[in-house]
Amino acid sequence: MIELSFDAELYDGFAVDEAAKTFEDFATIAREQLPGRWLVRVTVAAGGEVDEATVASELDNFALGKTIERRLRGDAGAGAAAEGAATAPAAATGDAGGGGDAAR
Amino acid sequence: MDEAQTGGTVELELEEGLYPLEAVYGAAYVFIDRCYVHLDRAAPGRLRVRLRPKAPDADSAAFAGEFENELLGQAWRVQIAQNHRALFEAIASRAVTGAAGPPGLDELFDMDIGADTAFEDPLGLAMSWEEKYKKKAPTEPATAGEPAAAAAAPAEPPAEPPAEQGGAPEPEGEK
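Chains as they are written, first to last, in the working numbering: chain A, 1 to 104; chain B, 105 to 279.
These are calculated hints, taken from the structure and not from any lab test. Since the structure is predicted, the reported quantities are computational estimates derived from the model, not experimental observations. Do not rely on the hints blindly, as some may be mistaken.
What the hints assert, rightly or not - To list a few chain A residues with every Cβ distance to chain B over 10 Å, as calculated:
#1 Leu39
#2 Val44
#3 Gly47
Said to hold, decoys possible - Some but not every residue of chain B turned toward chain A, in silico, with C-beta under 8 Å:
#4 Tyr140
#5 Val141
#6 His142
#7 Arg145
Backbone N, C-alpha and C define an ideal beta-carbon position, used for all residues, glycine too.
Extracted from the complex, chain A is given alone in its bound form (with noise of 0.2 Å):
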């Protein structure tokens, strides 16, 4: 198991839920939101077809990309956009399969 920190200033939260459903058919997704950080623990089964260390490193990097995107589109802060997450059900209960719009 490899364990993501992401800085509430510096991700937005809607990329970092988005990176997590996006990479959940590679691996099992936790999520857990500490004060002014979310956590993203990322677990590939014995065996599996791909590297637990890339799927992690590749869900960091696709969680700062979309949260440059989100900034560059104008859309809510990076703060601000993690208090919001915050109150969404499906960031609080660390379901990686819960509803919203994943890319894949």
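Position chain B relative to chain A; hints supplied.
Relative to chain A, chain B alone:
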């Protein structure tokens, strides 16, 4: 800017006052196709960037140098954008206004066009033919200082319809 290298990973610590967050985002976005990039906050006002090349045999120190150069360029671009924001907005607003095109009928009906606000017509294009070439009222006699030829000139244009062949025009007094 501090730099530390462990294995294939390079960590950079940046002063946020010198390198704004937008510049760090811009530089990171350039590198996410070649490196795994992670941002974190090392301390209040200091950012930590972790770079790890995707290619196993890549030189992570070289990537760190490229990232620093890119960061400098992005910071300069952010500075330029801030300095010229008013100019950008003026150009964009003018372009949007021009793209709206000429006013439609509804806008023309809503316009307040009267005798005072109508357009000027120095060439008389909007005048009717009769209004433009009608006989002018007799002018006052010339003053003593003007030449006699000017006073004797006819007040109305000499153009008259040509007489039909076979008959001379009748004088007005005989009608």
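A quick look at each hint next to the structure:
For Leu39 (chain A), the shortest C-beta to C-beta distance to chain B comes to about 13 Å, beyond the 10 Å cut-off, and the non-interface label holds. The non-interface label for Val44 (chain A) is consistent with chain B: the shortest C-beta to C-beta separation is roughly 16 Å, beyond 10 Å. For Gly47 (chain A), the non-interface assignment is confirmed: its Cβ lies about 23 Å from the closest Cβ of chain B, beyond the 10 Å cut-off. Evaluation of the Tyr140 (chain B) hint against chain A yields a held restraint, the C-beta minimum of about 4 Å falling below 8 Å.
Using the Cβ-Cβ criterion of 8 Å, the hint placing Val141 (chain B) at the interface with chain A is satisfied: the shortest such distance is roughly 6 Å. Hint status for His142 (chain B) relative to chain A: holds, with the closest Cβ pair at about 5 Å, below 8 Å. The interface hint given for Arg145 (chain B) holds, since its Cβ lies 5 Å from the closest Cβ of chain A, which is under the 8 Å cut-off.
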